[in-house]
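Chains as they are written, first to last, in numbering that gives the first Met the number 0: chain A, 0 to 137; chain B, 0 to 362.
If you're looking for bench data, these hints aren't it; they were derived computationally from the structure.
Any given hint could be a false lead.
What the hints assert, rightly or not - Partial selection, computed: residues in chain B whose CB lies under 8 Å from chain A:
| id | residue |
| --- | --- |
| 1 | Arg-135 |
| 2 | Met-138 |
| 3 | Thr-139 |
| 4 | Ser-140 |
| 5 | Lys-142 |
| 6 | Asp-146 |
| 7 | Lys-193 |
To be verified - The list that follows gives simulated cross-link-like pairs (lysine-lysine, DSS-like), each with its CA atoms no further than 27 Å apart:
| id | chain 1 | residue 1 | chain 2 | residue 2 |
| --- | --- | --- | --- | --- |
| 8 | B | Lys-193 | A | Lys-97 |
| 9 | B | Lys-186 | A | Lys-89 |
| 10 | B | Lys-295 | A | Lys-97 |
| 11 | A | Lys-89 | B | Lys-295 |
| 12 | B | Lys-193 | A | Lys-89 |
Built from N, CA and C at the ideal position, the CB exists for glycine as well.
Here are the chains, one letter per residue:
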Amino acid sequence: MKLTRVMVVEDDTDIQKVIRMSLKMRGVGEIVVVDSGTECIERLARFTPDVILLDVMMPHVDGYETCRRIKQNPATREIPVVFLTARVQKADRERGMKLGALGYLTKPFDPMTLHDQILALFPEASGRKEEKGTSAKQ
Amino acid sequence: MTAERHILDSLSSGLLVLDGANRVSFLNRVLAEMLHATPEEWVGRDAEELAVVMARFAQPLAAPRFAWPDSFGSRDIEWRDAETLRYFREDSAPLVAEGSRAAGNGRVIAYHDVSHEKAVDRMKSEFISVASHELRTPMTSIKGSVDLILSGFAGETSPEMQELLEIAQKSCDRLVRLVNDILDLSKIEAGQLKLNLERLDVTEIAVRAICAVKPLADKSNVRLRVDRPQPLPIVEADPDRIEQAITNLLSNAVKFSPPKGDVVVELSSDENWVQCAVSDQGVGIAEKDLHRIFGKFQQLSEGRRRGGTGLGLAITRGLIDEHRGSIWVESRVGVGTKFIFRLPVAVPPTTGAPELAGKVAKP
Numbered sequence: 000m001k002l003t004r005v006m007v008v009e010d011d012t013d014i015q016k017v018i019r020m021s022l023k024m025r026g027v028g029e030i031v032v033v034d035s036g037t038e039c040i041e042r043l044a045r046f047t048p049d050v051i052l053l054d055v056m057m058p059h060v061d062g063y064e065t066c067r068r069i070k071q072n073p074a075t076r077e078i079p080v081v082f083l084t085a086r087v088q089k090a091d092r093e094r095g096m097k098l099g100a101l102g103y104l105t106k107p108f109d110p111m112t113l114h115d116q117i118l119a120l121f122p123e124a125s126g127r128k129e130e131k132g133t134s135a136k137q
Numbered sequence: 000m001t002a003e004r005h006i007l008d009s010l011s012s013g014l015l016v017l018d019g020a021n022r023v024s025f026l027n028r029v030l031a032e033m034l035h036a037t038p039e040e041w042v043g044r045d046a047e048e049l050a051v052v053m054a055r056f057a058q059p060l061a062a063p064r065f066a067w068p069d070s071f072g073s074r075d076i077e078w079r080d081a082e083t084l085r086y087f088r089e090d091s092a093p094l095v096a097e098g099s100r101a102a103g104n105g106r107v108i109a110y111h112d113v114s115h116e117k118a119v120d121r122m123k124s125e126f127i128s129v130a131s132h133e134l135r136t137p138m139t140s141i142k143g144s145v146d147l148i149l150s151g152f153a154g155e156t157s158p159e160m161q162e163l164l165e166i167a168q169k170s171c172d173r174l175v176r177l178v179n180d181i182l183d184l185s186k187i188e189a190g191q192l193k194l195n196l197e198r199l200d201v202t203e204i205a206v207r208a209i210c211a212v213k214p215l216a217d218k219s220n221v222r223l224r225v226d227r228p229q230p231l232p233i234v235e236a237d238p239d240r241i242e243q244a245i246t247n248l249l250s251n252a253v254k255f256s257p258p259k260g261d262v263v264v265e266l267s268s269d270e271n272w273v274q275c276a277v278s279d280q281g282v283g284i285a286e287k288d289l290h291r292i293f294g295k296f297q298q299l300s301e302g303r304r305r306g307g308t309g310l311g312l313a314i315t316r317g318l319i320d321e322h323r324g325s326i327w328v329e330s331r332v333g334v335g336t337k338f339i340f341r342l343p344v345a346v347p348p349t350t351g352a353p354e355l356a357g358k359v360a361k362p
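Only chain B is shown next, with the shape it has when bound in the complex (with noise of 0.2 Å):
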């Protein structure tokens, strides 16, 4: 045996390499041992047959997947062997082989047992699940009695005292805002987000958005519209969730528009995805700030003053990243800014469903 060979078979991790024929040319003992075999016993065989093994303790989640249609995939899968589950994240990249790495190489696979990770990303998001709960009930009082009283329920209150609730019921309001985006965001960030796919056009879903943001832009004598030069083509989403982020967008661009501002909903495709860029003609974000709108909390002063919870943009790339899409944002100080996303068109009904991550949720 090779010094080679031990050191790959010392490794906590399993280990998959395929050939340019996509035969297995490599498997060390951790993954031989996920399989209740060894090495030997696999090396030279048809990586079709390996899937159909592995298939069997890898179910429900997902089958493992030998190619991916990049060059480097990563995915978790359920692990279930006998009454133990685990999770593995299987990660795929091309062999490097003669200093290149080509298709036809091969490929190497990776199998990390993030079970640990798993069991503290649910442990984490029950307890904000049960944090948020437990907030709620203070803030259903607290927001309760403010309205009540200020709505003279109560009897008459003096232009101070109104003015002091008025801050009072704002900043409940904030609150409850930022509890509903901390516990959408632990899902996200846990992996638990449940998505409802539905074949759909992302048309639709923005004039529901601008109904949703209207009484907002009216009251800061803001204007929407959708452009849609062609009919689109139908995308595979959750209606609800794609319309969170576009409300998110276009909330977050009428709160930095200037009075009789336009902000501009555009949508157009090509054969590979449906585009959606949300434009305003505010103030800008200066390039230096850029790389660090999509964080959490990463709030510039005017959003901060404009009562945003900091998490919008952090939860909008969020959904859009757990439908396989890409979002990212253009801007200018002083013309505007425009954020942009992209989602994958649907393959047609008949040739499947596209597979998303594991954690999709048919409705």
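Bound-form chain A, shown alone (with noise of 0.2 Å):
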């Protein structure tokens, strides 16, 4: 398996460069980088990646919400969504993970193994037939 479409949600802009290059490194072709829940939602009429990066703490609708929303439409529900935040509470995994979240990984995260460890968390990647959620390894 290998990941060529990756749409990354996050408004801090240096982690969107961190991430991008991150992923860029290991060979991701298309990296759609928005900044907002709102944002996301809009440009998954036009773009479906193979996993979508969800920060949490974001302006106006935050990443839980976004991942409600997703998960809601049935044109979107199927995309892996990634939570990739600061919010390291098992409440807050517990919380991501309800809500159809295919991973949980918590920064800072290391962008050398990023790519893999999201890889990882897909069923066909691992031989794993349930996935639950992990931490980024510092």
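If you follow the hints, you should be able to join the two separate chains into one complex; please do so.
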């Protein structure tokens, strides 16, 4: 399995750059970066990524609400969502996973292994039938 | 009314005295008001009857408890009266009669309003949670950028640049550990740590912790092993938190071990406790320093040099305390150090789960 199209939803421009470079380094061809939940929903009408990397703490529509909307819409509900967030508490992780996310990675992340960590969350990549959230290793 | 009665009714805390036959022999005005009653209504009645009435207010966090397995007991309870929620610290002790404290004399139980302390703890915890998030955001950019430069992605770096960037990388990793530790400790101190209790064998957790620490041990050329002469009884514990405690102890042991040293996890038990001891052959701790080893930011100079946060042992003690266990240290300078903790053996499932503090969350 290979990631070729990724949507990054992140409101911090510096972190956007780090994620973009990290994925580019691993050969991800198409990386669409948006800085809000609203823009994410709009862009999904025109762009279907292999995975959405979703921050939680964003103004107006936060990551949880964005995930809820993605999973509510029949046109987008099959797109895997992976949270990438600074919210590290167990309750935050459980909330994210309950919304139907594929995984839950925490900041700061290791840009050298981010791509592999996302890939490992896919059942077909790891041979697992059911996926659980996990933390980015420091 | 006696002068003593006036004094006890003037207290800001509720007060209850039970006699040796577990009947109410005294109840002050504050406690009576909490129960919407008068003291006279309750004197002479059975404590069990009182417990039923109190449980209407004290749910759901914990029902009042008039006897403790130990002589003294203290815990916090939630007190809901219509729309008002308050927190009380329930302190129970055997009654002193004829100069001695004996179980047969009865008990004295005090209810102190700790709502303000709880509110402050909650605010502190919220502040730390927000601060932790706010710190992580710039740390993500710094760590990400430094890691990418060091990978060569942005072009070649000179050996001097490489060395300086490695310093920045190491410091950033340390900062991340510090933020994580502060967040954990603040939750423990605020009593907001939620344990996901499971019935488990500590052996499995110890093996998991060893796997987690193995890369660090290999790097330092330190050998790790588990000694478990007999199968262990089951304990009721949060596997992630116990793994965190053992990992903390193992990481410390590895950090302070000489090359080719042995770090051993010894597991043993008796009918009441499962014991886990982590020993190293490191530099040891001077006797004068042992008393402060579990304190916050109480690193000895060696620990600071080795990149610790100074919070690991305070967190470990907090985690073990939350499980109603105990932890202590034995050490000899130049010989090594042994950290030992004990967890209570679980009650068999048919007789019900052991009652931990009211803050415990079942999975």
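Verification of the supplied hints:
A hinted interface residue such as Arg-135(B) counts as satisfied when its beta carbon comes closer than 8 Å to some beta carbon of chain A; here the least separation is about 4 Å, so the hint holds. With its C-beta approaching chain A no nearer than about 5 Å, Met-138(B) sits inside the 8 Å limit, and its interface hint holds. With its C-beta approaching chain A no nearer than about 4 Å, Thr-139(B) sits inside the 8 Å limit, and its interface hint holds. Checking Ser-140(B) against chain A: minimum C-beta separation of about 4 Å stays under 8 Å; hint holds.
The closest approach between the C-beta of Lys-142(B) and any C-beta of chain A is roughly 4 Å, which is under the 8 Å cut-off, so the hint is satisfied. Of the supplied interface hints, the one on Asp-146(B) holds, with its beta-carbon coming within about 5 Å of a beta-carbon of chain A, less than 8 Å. Annotation: Lys-193(B) was flagged as interfacial toward chain A, and the flag holds, the nearest CB pair being 7 Å apart, inside 8 Å. Our distance criterion of 27 Å between C-alpha atoms is met by Lys-193(B) and Lys-97(A), whose separation comes to about 18 Å.
Annotation: proposed proximity of Lys-186(B) to Lys-89(A) holds, straight-line Cα distance about 12 Å (limit 27 Å). With a C-alpha separation of about 36 Å, the suggested pair Lys-295(B) and Lys-97(A) falls outside the 27 Å cut-off, and the hint is violated. For the proposed pair Lys-89(A) and Lys-295(B), the alpha carbon gap of about 23 Å is at most 27 Å, so the pair holds. Between Lys-193(B) and Lys-89(A), the direct Cα distance comes to roughly 9 Å. Compliance with the 27 Å bound is thereby established for this hinted pair.
When held up to the earlier numbered hints, the structure conflicts with hint 10 and nothing else.
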